[in-house]
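Produce the entire structure from the sequences given, and follow the hints as far as they go.
Number of protein chains: 2
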Amino acid sequence: MTLRWGIVTAGRISHDFVNAFNSYPDKEDQEIVAVAARNKSRAADFAKTHGIPKVFDSYEAMAKSNDIDVAYIGSLNSEHYELSILFLENGKHVLCEKPFCLNAKQTRSVISLAKKKKLFVMEAVWTRFSPAYADLEKDIKNGKLGDIKFIEADFGIVSPDDRSTHIKEYGGGAILDVGVYVLQLPQFVWKEDPKRITTVGSLYDSGVDLTETIILEYEGGKRAVLNIHTQQEFWNKATIYGTKGHVTLEQPFQFPHIVIDIDGSTKNYPLHSSKLPYNFTNSPGLVYQALEVGRCIRAGLIESPRMTHDESMGLALLEDIIRKQLGVHFDADDKEYPW
Amino acid sequence: MTLRWGIVTAGRISHDFVNAFNSYPDKEDQEIVAVAARNKSRAADFAKTHGIPKVFDSYEAMAKSNDIDVAYIGSLNSEHYELSILFLENGKHVLCEKPFCLNAKQTRSVISLAKKKKLFVMEAVWTRFSPAYADLEKDIKNGKLGDIKFIEADFGIVSPDDRSTHIKEYGGGAILDVGVYVLQLPQFVWKEDPKRITTVGSLYDSGVDLTETIILEYEGGKRAVLNIHTQQEFWNKATIYGTKGHVTLEQPFQFPHIVIDIDGSTKNYPLHSSKLPYNFTNSPGLVYQALEVGRCIRAGLIESPRMTHDESMGLALLEDIIRKQLGVHFDADDKEYPW
Numbered sequence: 001m002t003l004r005w006g007i008v009t010a011g012r013i014s015h016d017f018v019n020a021f022n023s024y025p026d027k028e029d030q031e032i033v034a035v036a037a038r039n040k041s042r043a044a045d046f047a048k049t050h051g052i053p054k055v056f057d058s059y060e061a062m063a064k065s066n067d068i069d070v071a072y073i074g075s076l077n078s079e080h081y082e083l084s085i086l087f088l089e090n091g092k093h094v095l096c097e098k099p100f101c102l103n104a105k106q107t108r109s110v111i112s113l114a115k116k117k118k119l120f121v122m123e124a125v126w127t128r129f130s131p132a133y134a135d136l137e138k139d140i141k142n143g144k145l146g147d148i149k150f151i152e153a154d155f156g157i158v159s160p161d162d163r164s165t166h167i168k169e170y171g172g173g174a175i176l177d178v179g180v181y182v183l184q185l186p187q188f189v190w191k192e193d194p195k196r197i198t199t200v201g202s203l204y205d206s207g208v209d210l211t212e213t214i215i216l217e218y219e220g221g222k223r224a225v226l227n228i229h230t231q232q233e234f235w236n237k238a239t240i241y242g243t244k245g246h247v248t249l250e251q252p253f254q255f256p257h258i259v260i261d262i263d264g265s266t267k268n269y270p271l272h273s274s275k276l277p278y279n280f281t282n283s284p285g286l287v288y289q290a291l292e293v294g295r296c297i298r299a300g301l302i303e304s305p306r307m308t309h310d311e312s313m314g315l316a317l318l319e320d321i322i323r324k325q326l327g328v329h330f331d332a333d334d335k336e337y338p339w
Numbered sequence: 001m002t003l004r005w006g007i008v009t010a011g012r013i014s015h016d017f018v019n020a021f022n023s024y025p026d027k028e029d030q031e032i033v034a035v036a037a038r039n040k041s042r043a044a045d046f047a048k049t050h051g052i053p054k055v056f057d058s059y060e061a062m063a064k065s066n067d068i069d070v071a072y073i074g075s076l077n078s079e080h081y082e083l084s085i086l087f088l089e090n091g092k093h094v095l096c097e098k099p100f101c102l103n104a105k106q107t108r109s110v111i112s113l114a115k116k117k118k119l120f121v122m123e124a125v126w127t128r129f130s131p132a133y134a135d136l137e138k139d140i141k142n143g144k145l146g147d148i149k150f151i152e153a154d155f156g157i158v159s160p161d162d163r164s165t166h167i168k169e170y171g172g173g174a175i176l177d178v179g180v181y182v183l184q185l186p187q188f189v190w191k192e193d194p195k196r197i198t199t200v201g202s203l204y205d206s207g208v209d210l211t212e213t214i215i216l217e218y219e220g221g222k223r224a225v226l227n228i229h230t231q232q233e234f235w236n237k238a239t240i241y242g243t244k245g246h247v248t249l250e251q252p253f254q255f256p257h258i259v260i261d262i263d264g265s266t267k268n269y270p271l272h273s274s275k276l277p278y279n280f281t282n283s284p285g286l287v288y289q290a291l292e293v294g295r296c297i298r299a300g301l302i303e304s305p306r307m308t309h310d311e312s313m314g315l316a317l318l319e320d321i322i323r324k325q326l327g328v329h330f331d332a333d334d335k336e337y338p339w
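Note that the protein sequences, when read in sequence, are chains A and B.
No gaps in the numbering here: position 235 of the first sequence is 235 in full-length UniProt numbering, and each next residue is one more.
No gaps in the numbering here: position 257 of the second sequence is 257 in full-length UniProt numbering, and each next residue is one more.
All the pointers check out, no bait thrown in.
Lysine to any residue pairs mimicking SDA-like chemistry, simulated, CA-CA at most 25 Å apart:
#1 A:Lys267 to B:Asp263
#2 A:Lys141 to B:Val158
#3 B:Lys138 to B:Ile148
#4 B:Lys267 to A:Ser265
#5 A:Lys244 to B:Ser202
#6 B:Lys237 to A:Asn268
#7 B:Lys222 to A:Ile197
#8 A:Lys117 to A:Gly300
#9 A:Lys237 to B:Lys237
#10 B:Lys222 to A:Gly207
#11 A:Lys27 to A:Thr281
#12 B:Lys324 to A:Ile197
#13 A:Lys195 to B:Ser202
#14 A:Lys105 to A:Lys118
#15 A:Lys144 to B:Gln251
A few chain A residues that face chain B, going by a derived Cβ cut-off under 8 Å, partial list only:
#16 Lys149
#17 Val225
#18 Asn227
Everything labelled a hint here was simulated from the structure, so no lab data went into it.
Quantities reported herein were computed from a predicted structural model and do not represent experimental measurements.
A virtual CB, placed ideally from N, CA and C, is assigned to each residue, including glycine.
In structure tokens:
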């Protein structure tokens with residue numbers, strides 16, 4: 001039976017997700033059947049652009065309908081929590097864009113409701129489903145890199161001043177906007193929580209974080225040094241240093257199509273061609289997480305073994321600590337959440 | 001009149017310095033005329049290898065002789081101070097390997113004596129005389145990179161356990177061994193002192209530092225993130241991020257022969273060919289600092305405008321703070337120095 005996706009919001013990342021999905025040759029019996037947005041004409045345009053049959057003019061209407069099985073939430077960060085809850089409460093599986101929520105309390109609440117409802121929920125850390133990361137995981141497991149003691153990852157973009165990244169009410173800030181990419185890498189490699197976190201950063205006028213250098217220290221002298229920036233384009237690479245050599249995930253390391261292997265050779269991971277242009281780099285790769293969601297739901301899983309609930313909780317707790325170290329506080333941090 | 005060099009110690013870096021010097025086509029009326037080492041047969045072998053006419057079996061004898069004008073000090077770190085003082089006291093100019101001394105007190109004392117004696121003294125930060133850095137300086141000055149807000153530099157090597165790097169009595173530790181390379185880069189680019197220093201690192205059994213991540217913050221939100229390691233080979237590159245783009249000094253960034261320019265093109269800086277093999281990477285580049293020393297001395301300068309006394313003091317103070325932040329203490333830190 002076809003797994004039916006509903007797209008929540010008609011924004012830039014939703015466009016890329018749908019474009020990546022619809023352009024991929026084998027959707028494994030999944031289909032995008034509906035889109036919802038507050039602005040009906042925007043949703044209608046989006047549906048027309050992407051050939052989506054149904055348009056909802058409210059999230060509630062889509063959540064309550066029997067037309068969809070799984071919701072893709074591509075809204076502003078500040079809406080991730082409420083929208084995830086809305087769809088879960090109405091019996092729909094959820095794939096929610098990163099950052100999952102604004103903080104660990106919200107994240108815990110969403111995961112708790114999904115468990116109670118026996119529904120699948122995942123943070124859209126698409127990185128984890130990249131073919132390059134699959135190879136990297138094998139190389140780490142088989143000891144090709146030796147003991148991995150040091151990781152570096154940089155992610156810097158220039159966010160225009162009017163972009164939600166810089167707006168506190170929208171859940172902006174560097175750590176929530178791009179932080180998940182750098183934080184998920186040591187988590188992916190070491191599968192453990194850091195024992196010490198040191199953050200040096202700067203704030204924007206609006207009170208959200210603009211830049212960070214984050215040092216994560218782990219047992220046994222392992223260390224990750226992560227740089228993020230929202231007003232400076234970085235060379236967005238990551239290098240993983242082992243005692244036997246190093247591997248570099250070339251720009252964009254969050255979904256690399258080129259990897260410099262331990263012997264200096266280049267591995268290529270071509271992306272599928274797409275019908276429409278994209279807003280973000282290497283967005284064709286967004287389809288892989290959708291396929292993972294489909295496989296997990298069909299297998300009766302409520303979480304992906306490649307991006308678990310515990311890992312999302314780990315990321316959210318780190319993001320909270322980093323914000324605290326910099327003095328970035330959200331209203332959501334003072335609230336309690338029901339689930 | 002030929003400027004006559006005396007080489008102090010017959011170790012690995014002295015070998016590279018002399019090899020680079022003697023292999024260079026135009027020495028600009030400079031000559032290596034003598035070598036001194038505690039072990040006379042080692043000095044004799046060194047002299048034979050490099051065709052050096054005179055061998056001294058003590059540093060004192062060389063310092064007091066009229067055979068040399070300028071001493072190149074390539075000894076253990078722990079001997080830099082006493083040997084620099086010895087040669088200055090005996091009226092000789094000095095080029096001393098980095099780190100200049102063990103701490104800022106010693107460095108201040110050496111510089112003070114040189115000033116008093118009107119003799120030239122310089123820390124052998126050969127990087128500063130690299131043709132690639134000369135181009136970089138021009139590009140910074142003419143605004144090609146825009147405002148430079150972020151610098152990253154990594155230097156990681158595997159130092160065998162028996163190497164002086166790990167021995168406290170020899171003035172070992174990552175910050176003194178390789179730190180100068182990463183610290184001199186933001187100093188070179190921004191020409192100012194950091195306003196805040198954050199160090200995360202680890203110590204070796206001997207009590208010296210093994211690894212560091214150093215974050216330097218400067219006025220106006222400028223930041224340098226520097227990683228050093230003495231038990232892990234890094235990709236020893238540096239990237240300088242400006243608002244107009246970034247430049248990468250390819251491995252080895254301390255004396256690069258390849259630079260990735262702001263437009264993605266590659267600039268090449270070939271090194272001269274040499275008679276003998278080298279111990280360290282890109283050592284042919286060591287000759288440029290010798291030529292600078294010659295030009296400065298002939299011009300009657302007691303410091304090089306491209307690696308000033310203030311800059312060496314700045315580096316020494318940073319090294320002191322970083323050691324303090326990690327809890328690395330030398331006996332030399334408790335002593336007072338006369339000049």
